[in-house]
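Go by the hints and put chains E and C onto chain P.
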Amino acid sequence: MSLDKDNVIKIANLSKISFKDDEIEKILVDLNQIIDWVDQLAEVNTDKISPTFSSFENDKGMKKREDIVSDGDYREDITINAPNSEEGFFLVPKVID
Amino acid sequence: MKNLTELCLYEAREGLLNKDFTSKELVLDHIDKMESSRSLNAFITETPEIAIKSAEKSDLKLIKEENGELEGIPLGVKDMFCTKGVLTTASSKMLSNFIPPYESTVTENLWSEGAILLGKLNNDEFAMGSSNETSFYGPVINPWKSNNDQINLVPGGSSGGSSASVAANIGLGALGTDTGGSIRQPASFTGTVGLKPTYGRCSRWGIIAFASSLDQAGPITRNVRDNSILLKSMCSHDTKDTTSSSKEIPNFENAIGRSIKGLKVGIPNEFFLDGMSNEIIEIWDKGKDWLKNSGAEIIDISLPNTKYALPCYYIIAPAEASSNLARYDGVRFGHSVKSSDINEMYKATRSEGFGDEVKRRIMIGTYVLSSGYYDAYYLKAQKVRSLITEDYSKVFKDVDVILTPSTPSSAFGLDEKSNDPISMYLNDIFTVPVNLAGLPAISVPATLDSNGLPLGLQLIGRPFEEETIYSFAKIIEDSANFKNIEKQWWLK
Amino acid sequence: MNNLIEGKTGDWELVIGIEVHAQIISNSKLFSGSSTSFGSDHNTQVSFVDAGMPGMLPVINSVCVEQAIKTGLGLNAKINNFSIFDRKNYFYPDLPQGYQISQFEQPIVGNGMITIDLENGDSKNVGIERLHLEQDAGKSLHDQHPSYSFVDLNRSGVALMEIVSMPDMRSPEEAQAYVKKLRNIMKYLQTCDGNMEEGSLRADINVSVRKPGDDLGTRCEIKNVNSIKFIGQAIVYEAKRQIDMIEKGNQVEQQTRLFDPKKGQTRSMRSKEESHDYRYFPDPDLLPLTFTDDFVDEIKKTLPELPDIRRKRFIDTYGLSSYDSNILVSEKETADYFEEAVKNSNPKLVCNWVIGELFSVLNKMNKSIENCPIKAKDLGELINLIDNETITGRIAKDVFEIMLDTGDDPISIVESNNMRQVNDLSEIEAIIDKIIESNPDQVKTLSEKPNLIGWFVGQAMKETAGKANPKTVNEILNKKLLNKG
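Protein chains in written order, with this note's numbering: chain P, 1 to 97; chain E, 1 to 492; chain C, 1 to 485.
Chain P with its partners taken away, still in its complex shape:
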């Protein structure tokens, strides 16, 4: 399956990455190369095969935890690396709903 410029722009938008016009050409070539290469998986017969989403030992299913308050309440540590914070809030450019 071959990608075109529109596909790339759409994917870039979903990924929240922007490419300059000259960069789009290069990424388009790279992506098409990679997609062509991985397309060979289509030759594998996977009828009736279930997917593996984790290679972790699966004998007991998901591990759970007790419902106790064991975390949180360290606002300073949470906000200390924030590029833009004020009075314990994270600041972002205004989002209009």
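None of these hints come from the bench; they were simulated from the model. Keep in mind that a hint or two might mislead.
Listed next, the in silico SDA-like pairs over lysine to any residue satisfying Cα-Cα at most 25 Å (straight line) [said to hold, decoys possible]: (1) E:K417 x P:V69; (2) C:K139 x P:I24; (3) C:K377 x C:N363; (4) E:K338 x P:R75; (5) P:K63 x C:F82; (6) E:K61 x E:K84; (7) P:K94 x C:K78; (8) C:K78 x C:R202; (9) C:K301 x P:G61; (10) P:K20 x C:D277; (11) P:K5 x E:G355; (12) C:K187 x P:V69; (13) E:K394 x P:E43; (14) C:K300 x C:I84; (15) E:K84 x P:R75; (16) P:K26 x E:K240; (17) E:K240 x P:E66.
Frame of chain P, contents of chains E and C only:
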């Protein structure tokens, strides 16, 4: 007096216990080495003050005989492990100012045993790469040089700084992470021992995530015994990581020197690639002989879906990465570009903060998960993954360990492959299937090629059978009698 | 019942489906150990996991799983012993990980059904499509600064149950009844406190219109409606908007909209206009969620009595009408109050007083039954006093007022105010004789208008300050004046 950096981990451990020297003396020698080796660019952040303070504490513990298993031992840590209060960058501009307020479980385990942080090691950005050339902080130079050429070589990746530092005798071992071969391939390129344990052996909590179902932390060391010692302290059952195993953690060091008589070694015929170099075929054969001479039985096996492992990996890993890296948005930490519009802020932040390879993989990942393509790519790849895993389960009924080359070549030159993504991806051809199946595997230096560059052999084991791997690895190590770098040309 | 809306081009049918987001009652969040309590200082109930910091991992809260199963059982739904958590990927400042952990194709609860109760006494079945677990998002404040939004992640990661109905509702009333019933069931089960003002229960309303018999029309989603009243208003407005649009020859665009309670209108949400590709895939940090039939059965055993069962029991045990029972069980607190009051008292009388006097007074005082100034036990006692003729019905009303004011129990009020019913025959007779003597004209008129006896009863009650036993008064008067009895 011999420079203390010439001692390996178990020798230093013994020396400290025998009070032949202090931890402070040991650490000062390593700090010195680290500072004189800056041209290798193995370290992003050097932590000499922390190291010296820790060494002083360790010396007190050693005197009181209250020492941990790694008391006073200096180690380098790949910059993918969050270290509290110490810059942790993932070798990316995106985290070039990130100081974690928490410590990863694996490094916490080591500090509890008395180990000492020497510094944070350079790697491919967000662990994506096989040559350490995608780092925001510049490439790492392999301390090995070809006999026939003076050009700088890559140390492999993504744990390039980890493997280069160990090969250069900086630190008594290093932590790496392996998602598709990022410990084993650089170990092969630098003549060091690198192990990726079974998925779930080490906790992933606090390790910057690349591909969650594939990432595993592991040790890179100068020899097999050191590796087994370091692994033991890294492993733990962590309730903060539900993919962390609660299986008992054996004393892996006990497996060193165990007999392999009667055990069976599988040689997968699909790993014989077209155009494979004779040198690699030779060392592989030699490896078979070494093991046969120690009493193991060599058996030809088939892993039919081997050739699909790389494309399978290059769908799954980018897909998981595209989601794991969505949190880097300039809001709560990391690089951020000011803007009056939130979407513009996201785009500018991420476009500036991420390098080309990371962007490429995020784009691939987003594509293979997107509507209309999910079934054909991501779901398909996870089904192929099942087939690959099944291949290994089947053969492990007949053999105890699998022997393969670690890499299709020895270390190549800087810039040689950086313009061709797929050519770069092919470096992982022997290592990637192991991650897909969640198996443990080690790379042991086996020989030098005709250019005088290291080549490693890989041993793959059953889930949670790292001990078996270590037993075999020791045989290879003893047989290979591999010598480390003679001339430390990079020292200032 | 005809729910059709009359338009210019004929009748229209309204089709409504509702997605409810219910915050689970639990001490800590779904995938992290931070507290879930409401109203805390911003960003204090946030862990590194909630903030999506590098290297953080989710671990599921076992109680949240049980609460979801409980709710599923309360919805008469299929419990799925195997379910998967998926990542829903999109960028938003209140979504720190850049994805929400939710469930896509394999949710923890499947098809179910509840019965809703309508005002006219009818009931209707509404199908449940599914229930799944997911993380709540943080909150943004947009009014703190001219150019910035302030983000608070306290709510980020709190456990939500998303309950999706089938598009079975056909009127605003049905929609309101559905949400009320759902809320009530969860309050009974204590899986969600149903507090819509505080945001623990939010409804997304999907509305479309069509001519009866036609295929489904294009629907619009009205997001985050947070009161029963607004649900009704929003649907009414939206239905009209869509009908007007179609009748003018335009097409309804599929949109996400918000209800503005001040204007009583819905408007399109700008930020959600671009269609999202959420790229759902199973979360690689989490294995599938599995449990056994035995596990579910153990939970079943712990379920409290649900409203429909309780209603039936009220009808059977207390002999109440279906209509009255319905009213009593429609809020768990009311049913609890009733059962406490009725412990040693006449159920029908208690019922009448609760639904009548009590409700009316609580309404005026704008109080809920949980904050009722009169204890249930005391109301029961008051009813007993009427029932055993210690006080008259009229006096009871006075006692009731005093109970409201003071919170005192009825017996001490009656004693201290000397309000006991006068039962002494001779005392009453004496009073009546006096009235008869003093009012010869009325006595004369009585022979022509026997109904005037009521006036005499009134006088007797006045003379006794309402304390005379009305039955006795009536008997004596009839005997003396009408030669009856």
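We went through each hint and held it up to the structure:
Restraint check: the Cα-Cα separation between E:K417 and P:V69 comes to about 51 Å, which exceeds 25 Å; the hinted pair is violated. Annotation: proposed proximity of C:K139 to P:I24 is violated, straight-line Cα distance about 36 Å (limit 25 Å). Simply put, C:K377 and C:N363 have alpha-carbon atoms about 20 Å apart, close enough for the 25 Å limit, and the pair holds. Proximity of E:K338 to P:R75 is assessed by CA-CA distance (about 23 Å); at most 25 Å being required, the pair is judged to hold.
This hinted pair checks out: P:K63 and C:F82 have alpha carbons roughly 14 Å apart, not beyond 25 Å. For the hint linking E:K61 to E:K84, the alpha-carbon distance of about 22 Å falls within 25 Å, and the restraint holds. This hinted pair does not check out: P:K94 and C:K78 have alpha carbons roughly 43 Å apart, beyond 25 Å. The hinted pair formed by C:K78 and C:R202 meets the criterion: a straight-line CA distance of about 23 Å does not exceed 25 Å.
A C-alpha spacing of about 24 Å is found between C:K301 and P:G61, which places the hinted pair at or below 25 Å, so the restraint holds. In summary, the hint linking P:K20 to C:D277 is supported, as the alpha carbons are separated by about 23 Å, within the 25 Å threshold. With a C-alpha separation of about 21 Å, the suggested pair P:K5 and E:G355 falls inside the 25 Å cut-off, and the hint holds. Taking the CA atoms of C:K187 and P:V69, the gap is near 23 Å; set against the 25 Å cutoff, the hint holds.
For the hint linking E:K394 to P:E43, the alpha-carbon distance of about 22 Å falls within 25 Å, and the restraint holds. Between C:K300 and C:I84, the direct Cα distance comes to roughly 22 Å. Compliance with the 25 Å bound is thereby established for this hinted pair. Restraint check: the Cα-Cα separation between E:K84 and P:R75 comes to about 16 Å, which is no more than 25 Å; the hinted pair holds. Taking the CA atoms of P:K26 and E:K240, the gap is about 41 Å. The hint is violated against a cut of 25 Å.
Between the alpha carbons of E:K240 and P:E66 the distance comes to roughly 12 Å, so the proposed pair stays at or under 25 Å and holds.
Going down the numbered hints, you'll see the structure goes against 1, 2, 7, 16, while the others check out.
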